[in-house]
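Participant: With chain A fixed as given, assemble chain B onto it according to the hints.
Residue numbers (the UniProt record's numbering), protein chains in the order written: chain A, 1 to 262; chain B, 1 to 263.
Read the hints as simulated data drawn from the structure, not as lab findings.
Keep in mind the model is a prediction, meaning the values are calculated, not measured.
Every residue, glycine too, gets a C-beta built ideally from N, C-alpha and C.
Warning: the hint list may mix true and false statements.
[What the hints assert, rightly or not] On the chain A side, residues computed to face chain B include the following (Cβ under 8 Å): (1) L37; (2) L38; (3) V50; (4) H58; (5) H59; (6) R182; (7) F183; (8) L190; (9) F196; (10) Q200; (11) A203; (12) Y210.
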Amino acid sequence: MATTVRAVPRGRAAHVLAYHLVGYRRTWRATVFSSFLLPVIYLAGIGLGVGGYVDRGHHLGVAYLSFLAPGVLATTALTIGVEESTYRVFSQFEWDRTYEAMLATPLRVVDLLLGQLAFVVFRALVAVVVFLAVMAAFGTVHSPWAVAVVPVGGLIALACAAPTFAFTATQSSAQGFSVLQRFAVIPVQLFSGVFFPVSQLPAPVRPLAYLSPLWHGVELCRGLTLGTLHPWPALGHLAYLAVWAGVGFALAARTFRRRLVV
Amino acid sequence: MLSTLLLRVDPRRAGAVVERNVLVHRRGWIVLLSGFFEPFLYLLALGIGLGHLVGSVPAPGGGTVPYPVFVAPAMLAVQAMNAALTETTFNVFGKLKYMRLYDAVLATPVTPTELALGEIGWCLARSGLYSAAFLGVMAVLGLTPSWWAVLAWPAALLIGFAFAALGMALTTFLRSWQDFDYVVVIMMVMFMFAGTFTPLSAYPAWVRPLVELTPLYHGVALTRSLTTGSPDLGALGHVAYLVVCVVLGLWIAARRMARLLLT
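So that you can see chain A by itself, here it is in the shape it has in the complex (with noise of 0.2 Å):
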């Protein structure tokens, strides 16, 4: 008994992360199809059947799909950051409380954050590998500096993940998230130069792709798999996902204390 008590402080938000992989390991299959699935669907239909075209232009000076491809891995981490920080944070505030339960014990609010935020990671590195491997069989991998995408898919998840967390938390209703995802979510996906460069949006609207944490999540993955990354900005685009990731925790530790904290 003492020794369980004693054990409880060091580490505390593993203990959290420990729960969310015990339940993942019963429901790991739904996610197979989103996290895997749909974004090999997304690189074969756009890639594939689009790309045909696009190549015939030279615009690019480089294969459609190796321009595609890493786009479409930034956007899974992104995906990844966002969902699990949506429904499944509510749920554990509102349906399942099991936020609540996990405060009767002698976790604090940064342990259930930092312990869930893990786990959100991990979902986005096994994401992640999996992708470059499918990338690998494409053909689109240009450089071996390309496995450094995985702590960078890490990264994305992060900053797009922590930040939700924080606005889950002052929801009273699970309807925000449609709002959310038509949004915000939706148009950074479409506009943060995945499917075509940031150049071509008319100039006044540029600013705000750039805004996007997607927009250097993507510029990292890109350089990295083709090879072209150069030092000073993928500095620049790791600082600034850093940054989203650190505020998106001060406001969620903020939030999920005033939710959970009376």
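Facilitator: Just chain B, lined up with the frame of chain A:
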């Protein structure tokens, strides 16, 4: 069988089901509004943005058309499909299994067939509004070179009707929310491969018959032939295929609903 089911339908009772949906959505108008927004974004990104890279593609009536003109009618069809399928799968499933709404509805004089028709009617009203708005946007952007495009609106309604009926039928077979991953995959595969982004001729010969089996392919081919101004006898074939989907979907849905709810 279907005719006997339909003969006993009282439109007022089906209308009551529609009215309930209208009342519920009076408070969720922002979700309704967001439905207008999404296909428009896809059109801007994948039609116009990607279109710069693609150039022109073969048109249904011969010759070539700019890529945005090619993709826009497909987005119209996809929008009709998505609106119909999300309403009749996700929402109907929630009401059937979790909210237990239909148990309450069937305690009134409403019959399972009227219930199914009412839900489909609401779904069509909603997707009809979206289609009209989207078609308007297409016209403003100059993506409807022909006056035949006016007929793309009833075509979009027919596509919505076909998918609403099929969606209702499909929902009666779903066991849990986990099964919805299959629904998402079906929608996504059709979105990507039903001739939406590329002409049928771009697919390998062995894939083409598979593409032609999907209802979305017929929807896309129909709206595309109308907005580009080249409808031919093939368009009637697409209409016939979609009508068969409507009849089949309704028949299965009404029978299965009755079995699930009344026994």
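Participant: Hints first: check each against the structure and report whether it holds.
Facilitator: Here is what the structure says about each hint:
no., hint, in the structure
1, L37, "holds (6 Å)"
2, L38, "holds (6 Å)"
3, V50, "holds (5 Å)"
4, H58, "violated (10 Å)"
5, H59, "holds (5 Å)"
6, R182, "holds (4 Å)"
7, F183, "holds (6 Å)"
8, L190, "holds (4 Å)"
9, F196, "holds (4 Å)"
10, Q200, "holds (5 Å)"
11, A203, "violated (14 Å)"
12, Y210, "violated (16 Å)"
In terms of the numbered hints stated before, the structure departs from hints 4, 11 and 12, listed from lowest to highest.
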